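Just need the whole structure built from these sequences, with the hints factored in.
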Amino acid sequence: MRFRATVLGAIVCASVGFATLPGVAAAQGLFANLPRNETLILENPEGTIKNAGWFNIWAINAGSQSNGLQQAALDTLWYIDPNRGLDGVWQNSLAADKPQYNADFTEMTVKLRPGIYWSDGVEFTAADVVHTVTTQIKHKNMRWSAALALNVDSVEAPDPYSVHFKLKKPNSRFHALFTVRWNAVWIMPKHVFEKVEDPLKFDFNKPVSLGAYVLHSYDSDGRWYIWRLREDWQRTTLARYGTPGPKYLAYVDPGPPDKRVIAQMNHELDVIHDVAPEGMFTLAKQSKSSVAWFKGFPYAHPDPTLPALIFNGQNELFKNRDVRWALALLIDIKAVSMASYRGAATISAIGVPPTGRHPESYHEPLQDWLANFELDTGKRKIKPYDRGIGQQIAEMLRPSMGEQIPSDPKAIAAAFGMGWWKADPQAAAELLEKAGFKKVGANWLTPDGKPFTVRVVVEGEARPVMTRAGSMIVEQWRRAGIDAKVDVAQGTLVTRRAAGDFDTLISWSVETWGGHQDLSFFLDSWHSQFVAPAGTPQPPRNWQRWSHADLDKVIEEIRKVGFDDPRGIELGREYVKIAVREMPTIPLMSYNVFTVMDTTYWTGYPTAADPYTDPVPNWANSRAMFVKLKPKS
Amino acid sequence: MRFYATYLAQRLGQFLLVVFIGINLTYLITHLTPIDPVEQSIAAVTSFGNTSPEAIGAMRQSLRELYGLNGAPHEQYLAFWRRIATADFGPSLSAFPTPVSTLIARALPWTIGLLATATLLTWVLGNLLGGLAGYYQNKTSLKVLAIIAMGLHPVPYYIVAFVLLVMFGYLWPLLPIAGGKAMNLGDQLSLAVVLSILKHSILPALSLLLVGLGGWFLGMRSLVSNVVSEDYVVYAELAGVDRRRILGSYVMRNALLPQVTGLALSLGAIFNGAIITEQVFGYPGVGSLLVSGVYAGDYGLVLGVATVSIIGVSTAVLIIDLLYPLLDPRVTRA
Amino acid sequence: MSPTVAANGETQRPTTETPREPVLRVDDLRAYYRTRHFGVGREVKAVDGVSFEVRDNEIYGLAGESSSGKSTLLKAVAAAMRPPLQVVGGTARLRFLQAKSLHEASSAELAQLRWRKLSYIMQGSMSALNPVRRVRRSFEDFAARHLRETGAAFEAKVVAHLSQLRLDKSVLDAFPHELSGGMRQRVTIALATICRPDLVIADEPTTALDVVVQKDVLDMIRDLQRQSGSSLLLVTHDLGVHAYLTDRLAIMYGGRLVEEAPTEALFGNPQHPYAKHLIASLPRIGEEAPKAALAGGPPNLAEPPAGCRFHPRCPLAMERCRREAPVMTRVAPNHRVACFAVAGSA
Amino acid sequence: MLATLRDLFLYNPEFRIGAILLGLIAGMAALSLASPYAPLDTFVVAPDLPPSFAHPFGTTSRGQDVFWQLTFAIRNTLTFGIVVAVLSRLLSLAIGLLAGYKGGWVDRVLMAINDTFIAIPLFPILVLFYFVLRDAMSWAALAIIMALLGWAYDARLIRALALSLKTREFTYTGVFSGMTTRELLVREHLPYVMPIVFATTMNNMNWSIGLEVTLSVLGFTDINSPTVGGMIYWANQHTALVAGVWWWIAFPVILVVALFIGLFLLAVSMNEHIDPRSRLRRMGAEGGA
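Chains as they are written, first to last, in my numbering: chain A, 1 to 633; chain B, 1 to 334; chain C, 1 to 346; chain D, 1 to 289.
What the hints contain is simulated information worked out from the structure, not anything from laboratory work. Just so we're clear, the structure is a prediction, and the values are computed from it rather than from any experiment. Idealized CB from N, CA, C, for every residue including glycine. Wrong hints could be hidden among the right ones.
[Said to hold, decoys possible] With a straight-line Cα cutoff of 25 Å, these simulated SDA-like cross-link-like pairs (lysine to any residue) come out: (1) A:Lys-111 / A:Ala-127; (2) A:Lys-201 / B:Pro-99; (3) A:Lys-334 / D:Val-45; (4) A:Lys-485 / D:Glu-183; (5) A:Lys-140 / A:Leu-167; (6) A:Lys-288 / B:Val-166; (7) A:Lys-553 / A:Leu-167.
[As the list claims (entries may be wrong)] Just some of the chain D residues that point at chain B, by a computed CB distance under 10 Å: (8) Met-111; (9) Ala-112; (10) Ile-120; (11) Leu-122; (12) Ile-209; (13) Leu-263.
[As the list claims (entries may be wrong)] If you want the ones that stay clear, here's a sample from chain C, every Cβ over 12 Å from chain B, calculated: (14) Ala-80; (15) Ser-119; (16) Phe-154; (17) Ala-156; (18) Pro-262; (19) Pro-270.
In structure tokens:
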């Protein structure tokens, strides 16, 4: 008996221990010994960083980029804000002025901002820029080696505050390399790197900052990084916008979506990078202090990125424009929007993100052209565009979402997008028949009599929203008699996308500055010169491996006009029209990121009401937040 | 002791076989993966950055050389065994240029610390209670325990872990739901650190305990109720030998023997646990390292972790096997 | 082995004239196996109304073919019953027991007298010892409490006792599986006798052993019994052993005693037809004629035959035997038989 | 056989409960044939509705009726478990009997491999397989892989039994009457081994289904064919718990737990039926009362 008693006793003790332990340790919250009201906690979507102690961002694929390093500690010549920007979209950061090109775009001169210092007290000068360029050209495996080597013939610093580039061939977009859209070529500290013999093997720990924050501490297991505001933050480029609010920045890995939601409900995560829509709605409902880009539905911040259904242009089935169009007309975008974003999507019929300053330059001017666009189904001519679909989505949602849904048409267009292609199975069938397909019973057969099989590659839980969009499209195609299946690629998506190992793919081959109408950021890569032969890896971003003579002409002309030349926009519209006629990808919607911000400790987050920058915290541009955030009093 | 020698030889042979087959399996599978580490690295570089197409072409070439993926398969295989022999899995592709061994070395303490302790605790507790339940067959308290065990035992581990997570992380947010210890505590050992580590390990450990307990409990219970009808137990009872002595030295002692073998066999399953536990509770360790390695197509890392886990598990099994004769004097004769 | 051997064994036997209160008195004891499986109840009347007594300083033998219920009887008088075996009637009284029957004694009281007063030698010594425990520890477990000695003194006592069974003290450090069958049997005997209990109950103690080993083991048992003065209740189907060792002998058939008498009397002049048959079937040197085998087999104790349980096989069976069961009747001092044909109407 | 089953059902509570649970679940699976909705179609009903008369188990955020979705899920999951069990039984029978009967080096080699499969951590290997096969990892493929990995433990049991059978007379007579090994194993030994095979089937199903659920919950299986794990996977994708759509997770979990307990109880009761010692204990326990 006593034996048994002791055992049970032990169990009781154990359980009591379990119960009390939390109480004991509860004293320390998420962060031990860090003043919560001076700390801004942000999600780093990279998750847990495997080699936490690596800060040499110039070495390929080494450490983390968005653990605060590129947002808070590094700097480069220019920034283009994806939204309105603190004082305009274009920001001269380390550069004192815009880039000056010579007439034929073979030389670029940069004037640098004086009085900027590294966190170890050394002044920043042109020598650092030159060293950044020459070092990466010398060591060909560094992050921007290839890009620089390809363009730069020579670089020198006539004086400490100016840099002069000679280019190998004309390139009116060379400065883009040094212009932050998410990231750019970051400037490295000459006085540190000139001492290391192999910059590829150098971990740059602890990093010397050019930005307003320095590394305070980090987790050797890579789950969190803490950055401290520099005492001499006035000697950084951020100073001219005012005093940074947070004394500490903590970039953390909060785990999967539901854990992120829980964390913010417990006020232990100020900025969530992204969650599933349901998580967003939950926070909107249950967490009074949480705010998002839009005050109400659809909440999410539209990134200047355009998810689309991408055809593999080298797949025989999809070489025929009519087939591509038929599949497009089998899509009910309303259902896709509901399935993926629960309606919180900004749809776009054309290959330009409906975000930032793009609608005014592309979507709005092209509405009439789209409305009159005619498609020959072989039996008849139809006008597939329905400019009312954004409106219809809003009406669909109004019953459940109520006054959260705006009523002003402009607001609706901004939130839900303008028009899209009317689902038209009849026309789709006609197009398929025109392309030589036959419908036997309920199923479509290809011209050579095989079942019409389409696999749609999606990424899986890494991008739930895109996965859902893909599943919905598959479902619609299946209902139309096509043997469609979802193919969850998980981590292999990137490889398979590059290798052209897919029928169709939910991804994006359209990314833009957002704040600037220039499309070259992605469009240049659509030139036929970059389309890899089938079976060989495809350079980014022309994943559709599709080329068209007219488009090549457009691209080549863009290369020769200035960055801010209005001609650039006209050429952009040309691209849009070609893409509509050819439908190489089926544009769906902007990549709306459910970035949620907790106002318990901080106020002044960027929102649609005050769109001074992109709140998505892994964008280097999000550094603008730091100067606008004020502690909640 | 000739018997022991042969026994030892057998065990060692088995050990080597397990390691050999296991490692070849992982090598085979990992090298069949469609993931191209180079493309992965390039993707990581260009996913958001603005790098021009030709640039990528140039970079791809140099990376291939850098990662040494150009050798013929058999060369890669031989090189692979050479590296295993020297416990050098090369640099991690997803954490280039940090060596895989470093990553594993960093993760291993977490996994071992959590799983080893949880498993042993479960085993001891499960056998104790099961033994008692088998011996005192009509103690209600133990009957209740048996029913609970029966209910919990067959539930898949993920579900138990998940339910715990929801209960204590969300419905009643009492315990941390991610990480091995509180952030910004510093790495030097202090009471705060220990407490924090304990606190973070409660949920994972509890989940492992709940799931493991049932099996041992039920197993031990039926073993004991078989042993009590053995002659030597009956005889000892006839001799009026002290009940506790009978329970301890006669019943438990003999019933435990198969359970020890069971422990050895279950060690393989422990590593399965590692992956799920670490995924569900965001706990650091080799399990999550493996998954992330697989996602990133990190050959070196995946191979390293799989290899280490296989060697680790089989070593543990070996140790138990070698200790077994001390527990059961008959084994080396059999 | 033959009764002649037994006969000269008899000469050294001190006769016990004045019987005082017996060590063990069994009265009309009934012990049944009651099982219930898949709802079907089953009752095996393994011991069905047995009475006898074991006196001081005697070796009382109990013989019978397998499934005659003798081992069950033994379990019953040793209070070694586990379900489904249970005593349904009668008493088994031990002299040194307050309770009027073993089966009413508290487990505490039993624990008190076990091994000091009442010990047991198990059938099949192979499995009687804990396989993972050295012999020494078994002795400590079994005897230390009663001998009230520890350490060297205790050890010395054990070693001395072992030597009486011609066991070297090295066996103390052995594991059971390291000992030969004979040694293991002697170890169990040593275990059972070291406390010099009043009554030792032995169940087929030598069955597992080969004849030669058997003989010295038997000798040792006798010597031990003689100089310890404790009584021995010995059960075996081997009449040779009985003839060689026991003072009085009872023969059991179908869960009942059929005859009881001093051993030489029983061998010399068996009364009950079954006993006659048993004795007759013993091999004798130099005889040719094959023995007449008895028709039929032992009764199924689940549904025993009515009346005398032997009647279906009995050459002398008469009408009455089919109806009533005969009781043990005195046919001579110390000689009881249960048979109408022999004892007439009792 | 049927009689035994009836007796088991009448007199053995574990068996009774287990059988009833499984019966209910099987019935549920059968209902899938009557489902008004196609398993893969989404947004066929209003999303996120709590349990009600119209939707006894509520509806998912994908606009599916949880109840009807579950009928398909449990059907696939059950089928999966059965397929794995059957395949792996065949393997463990063949190997166990052969090793046990042949003995010698055959036995040593087979058991060495056997123990290897017992000791190797399976989960990493399964995950790796998933990444190799990608969308080729249909549940059929998974079933085969699991069968190939899941025979070892029971093969040992069967071998042990075969070893004991080997020494029985009928084996010798069989050998002397010139039976081939195959004939001998099939005609003479199989009947003795069958009961154990049945019992292990239950455990094996628990094992395989458990792994399947875990894998698909982590998204490591083909999400095109609905399984219980797959449902939980989708629920997690929609952060159902924090979104308050608890019924999306609760009912699958309840169902799968019921399934496991049912199988487990059957296994226990069968074991008891097979193992005479424990049966005797049961008899004793009740007789003594």
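Cross-check of the supplied hints:
1. A:Lys-111 / A:Ala-127: holds, 13 Å
2. A:Lys-201 / B:Pro-99: OK: A:Lys-201 and B:Pro-99 at ~12 Å, within 25 Å.
3. A:Lys-334 / D:Val-45: holds, 16 Å
4. A:Lys-485 / D:Glu-183: violated, 48 Å
5. A:Lys-140 / A:Leu-167: The hint holds at about 18 Å.
6. A:Lys-288 / B:Val-166: holds, 22 Å
7. A:Lys-553 / A:Leu-167: holds, 22 Å
8. Met-111: holds, 9 Å
9. Ala-112: holds, 5 Å
10. Ile-120: holds, 5 Å
11. Leu-122: holds, 6 Å
12. Ile-209: holds, 8 Å
13. Leu-263: holds, 7 Å
14. Ala-80: Incorrect as stated: the minimum Cβ-Cβ distance to chain B is 5 Å, not above 12 Å.
15. Ser-119: violated, 7 Å
16. Phe-154: Check passes; 15 Å lies beyond 12 Å.
17. Ala-156: Holds, since 21 Å exceeds 12 Å.
18. Pro-262: Non-interface label on C:Pro-262 holds, nearest chain B Cβ at 29 Å vs cutoff 12 Å.
19. Pro-270: The claim holds: C:Pro-270 sits with its nearest Cβ about 33 Å from chain B, beyond 12 Å.
Violated hints, listed in ascending order, are 4, 14 and 15; each of the other numbered hints is respected by the structure.
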